[in-house]
Amino acid sequence: MEEALLVHRVHFAFTIMFHYLFPQLTMGLGLLIVILKGLALRTKDEHYNRSARFWAKIFAINFALGVVTGIPMEFQFGTNWAKFSTFAGGVIGQTLAMEGVFAFFLESSFLGLFIFGEKKLGQIGHFVAAFMVFLGSWLSGFFIIATNAWMQHPVAYSVAADGSVHLASFWGLLLNPWLGWQYLHNMIGAVITAAFVVSAVGAFYLLDHRHEEYGKVFLRLGVTTGLLAAVLVAFPTGDGQGKNVATYQPVTLAAMEGLFETKEGAELILIGQPDMEKLRMDNPIHIPRLLSFLTYYRWGAEVKGLDAFPREQWPTNIPLLYYAYHIMVGLGTIFIAIMAVAAYLLWRRKLYSTRWLLWILMLSFPFPYIANTAGWMTAELGRQPWLVYGLLRTTEGISPTVSAGNGLFTLLGFMGMYALLGMLFLFLVMREVFHGPAPAAAHASAA
Amino acid sequence: MEIFWFIAVGFMLTMYVILDGFDLGAGVIHLLVAKTEDERRTVLNSIGPVWDGNEVWLLAAGGTLYFAFPKVYASSFSGFYLPLMMVLWLLMLRAIGIEFRHHLRHPMWKAFWDVTFSLASTLLAIFFGAALGNVVRGVPLNPEGYFFAPLWTTFTVVPAAGILDWFTVIMGVVALATVTAHGAHFIAMKTTNALQTRARLWAERAWWLTLATSLLAFLATWYIHPEIWDNYRHAPWGFIFPVLGLLGWLGGAYAQARQQDSHAFFASSLFIAGMAASTAFGLFPTMLPASTDRQFALTIYNSAAQEYSLSVGMVWWIIGMVLAAGYFGYVFYSFRGKTKLPAEGEGY
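From first to last, the protein sequence lines stand for chains A and B. Counted from 1, the first sequence has number 425 at position 425 by my numbering; the numbering is strictly sequential. Counted from 1, the second sequence has number 70 at position 70 by my numbering; the numbering is strictly sequential.
Just so you know, the hints here were simulated from the structure itself, not pulled from any lab data. Be aware that one or more of the hints could be misleading.
[To be verified] The calculated lysine-lysine pairs, modelled on DSSO-like cross-linking and capped at a C-alpha distance of 27 Å, are:
1) B:Lys35 x B:Lys110
2) B:Lys338 x A:Lys304
3) B:Lys35 x A:Lys216
4) A:Lys350 x B:Lys35
5) A:Lys44 x A:Lys119
6) B:Lys110 x A:Lys44
7) B:Lys35 x B:Lys338
8) A:Lys263 x A:Lys44
[Stated by the list, open to error] Covered by chain A, according to a simulated footprint, are these stretches of chain B (three or more residues, beta-carbon under 8 Å):
9) 41-54
10) 233-247
Please read these numbers as outputs of a predicted model, since none were measured by experiment. Every residue gets a Cβ at the ideal spot worked out from N, C-alpha and C, and that includes glycine.
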C-alpha cells in the first residue's frame, strides 16, 4: 500500500507538473495576443497584426500540448484516485464538469476560428475570436483553481450517510474565501511567464540583429506587462494568498516559513536549511520581526510555529515545501527587479541598446516556469498529509484495485511519452522563433 | 433527475462518437484515400478547424459523468486502468500527429506523422468499441463497486474476463467499420475528384462491413447478455431506437448509390445515434453491469450524486449546451463547403 501510494503520488505530480508548463504560457499569452490585436485595430499598424500571428503560432503549439497533457489529468482522478473521486465527486465534479462544458468548448471552437479564419472573420471578428480564446483559457483556469481551492479549504459541503461529501451550496463553492486570491495569484503568475517569454524573444532579435522592429514591439509589450504582473503577483495577490494560508492552514505557514517555534515578533527567514532532526534552521539569514508584520500587520504579533501543532498534522515533506516556497518568493523578487530596471531603461529610451540587460532578459525566461512550478508545489505539499484538507487523508484516496506495478508501468509510459513531446515542442518553438514574424508568404501553410 | 443525467451523459457520448467519429474515421482512411501531398493536406485541413472541439465532447462527457455519477466514474476508470492509459497515449499521438505535421516540409517528417495519425486513429476506434463491449458484457464488480480488468485472460466470455475477449473484439470491429464509413462520408462530402472517388469507395466497403458486423454483434449480445432485451419487452416503444439506426443504415446505402455525400454523412450520424440509444435503452438503469453478481451492478440510482447537486447542475448544463451548440453551429457554418487548400502561408 505504501508503495502504491508513492507511485500514485509521483504519477500525479509528474503529469501535472509537465502539463502546467503549457497552460501557464497560453493563459498569459492569450492576454498578450488580445492586447496586440487591440493595438492593431487602434493603430492600423501591420506590425501588431504580424506579431499577433507570430505569437498565435507559438500559442497553437502550446495549446495542443496543453490539451493532450491535460486529458490525463481528468482521467487520473478516476484511474489513480478512485476513492477520492467517490468521496468528493459530489462536490468537485461540479467545477470539473463546468470546466468542460463552459471553458473547453469555448476555447477549442474559437481557437479553430482564430487560427484558420482570419480572412473569413475580418479584423474585428478576428479580435473577438482572440478574446474568446483568452476568455476560455481564463475560465478554464478558474474552474481548476476552484477545484483546488475546495481541496485546500473545503466549504459548502455536507456529509452523507456513506461518508462521502455532497454539495450544499453552489455559490458557496464558487465564492470560497480561499479561491479569489489563489486564482488571481495563479493567473498573474501565468502573465509573468508570457511576459518573460515575449521579452526573451524580443531581446534575442535585438541582440542577433534580426527582425529588429518586431523585437522592439515584443520588448515594449513584454516589459510593461512583465513589470505590472511582477508587482501584482507579490502584492496584493501573493500577500492575500499568504494570509489565507495563515488563517486556514497555520501549520502550513509555519512549515513554509521554516518557523519551528511559536514566537512573538517572528523573524522572516530569507535563506537557511531546515534540519528535521534537531528541529531548527541551519545557517539562517533573517530579518527580525518581519514575518509577524507581513502576516498580521503588527511587528510584535505572535506567529504559531510547528511546535504548536501535533506532529501528525505537520506537512509530510517540510524541507521540500520550505524550499519550494522560498524559490518562488526569491524568484518573484528577482522578477520585479529585472522588469523594473528594464522598464526604466525603456522609458529613458535606452533599453534597445543596453546589451547586458538584453542578455539577462533573453536568458531569464525559464525562471517564471520554475517559480510557477515551485508555487504549485508549495500549495500541494502544504496541503499534505491531507488530500482534502481536514477531511480526507491522502493515504485514503487512492484506487483500491490498481497495484503499484500497474501504476509504475503507466508512470514510465508517461515519462517516455513526455520526453518525446518535450523535445518536439522545444524543436518546433525554436524553429518558429528563429523564423520570426516574417511576411506570411515565406512560411509553410497549415495542414 | 437521475434519468435526466443518464440521458445527458449518453447524449454527450453520442455527440462525441458522431463528431470525433468522423475525424477518427478520416484518420483511419487517411493513408488509403489520400495519395499525394495535396490530397493528404486536404484530408487534414477538412478536419483541422474542428477535430479539437470534437474531442472536447469526450472531456466534457467525462466531466459530466464524474459530476453526476462519481461512483461509476471512479469504479470504471480505476477498473479499466490499463486500457484507458493506452487510450490517453493514443489520443496524444494522434493530436500531435495532426498538429505537428505541417511544421516541417521534409517528406520523412510528414510520412512519420501521417502513419502515426492513422495508426492511432485506427487503434482508438477499436479501443472505444471494445470499451463499449465491456460495458455491455459486464465487469467483475466487487461488493464495494470496484474491479480491475486485465487486458486479456482467456478470450472466452467468462465472469472474470479481461478487456479483450471474442465479444469485445467484435464490438471493436463494429466501431472501426462504423467510424471508417462515417469519416469516409465526411471526406467525400468535403472533397472533389480522385480523392472524393476513393473516399466513396471506402465508405461503401465500410458501410457493408458495418452492417455485417452489427448483425453479428446483435446476435452475440443476445447470446451472452440476454437481459439486455428485458427493457424492450417491458416497453416496446424502445424499438424506435434500433429502427432509427436501421433507417440510418438504409438511408446511407441509398445516398451512397446516388452519390449524395452529405446525405450519406447525416445517415451515418443517424445510424450511430440510433445504435447508441438502443444500447443505452437496453442497459437502463444500469451503467456498469456486474458479471460477478447482478446486485453489485452500478445503476443510476446507487451511484448518482445527491439531488441538490444534480438539480443545480441541470441549470448550468442546459445553458452550457445551448452555448456549445451555438459555437459548433458557427464554426461548422464558417468552414462549410468543400475544403480548399490555403495558399502558401495562409493559416498559421
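So, going through the hints one by one against the coordinates:
1. B:Lys35 x B:Lys110: holds, 13 Å
2. B:Lys338 x A:Lys304: This hinted pair is violated, its Cα atoms lying about 68 Å apart.
3. B:Lys35 x A:Lys216: Not OK: B:Lys35 and A:Lys216 at ~45 Å, beyond 27 Å, violated.
4. A:Lys350 x B:Lys35: Status violated; Cα separation ~56 Å.
5. A:Lys44 x A:Lys119: Cα-Cα ~16 Å, so holds.
6. B:Lys110 x A:Lys44: Status violated; Cα separation ~37 Å.
7. B:Lys35 x B:Lys338: With a Cα-Cα distance of about 18 Å, the restraint between B:Lys35 and B:Lys338 holds, given a limit of 27 Å.
8. A:Lys263 x A:Lys44: violated, 60 Å
9. 41-54: Per the Cβ count (8), the hint holds.
10. 233-247: Not satisfied, violated; 0 residues make the cut.
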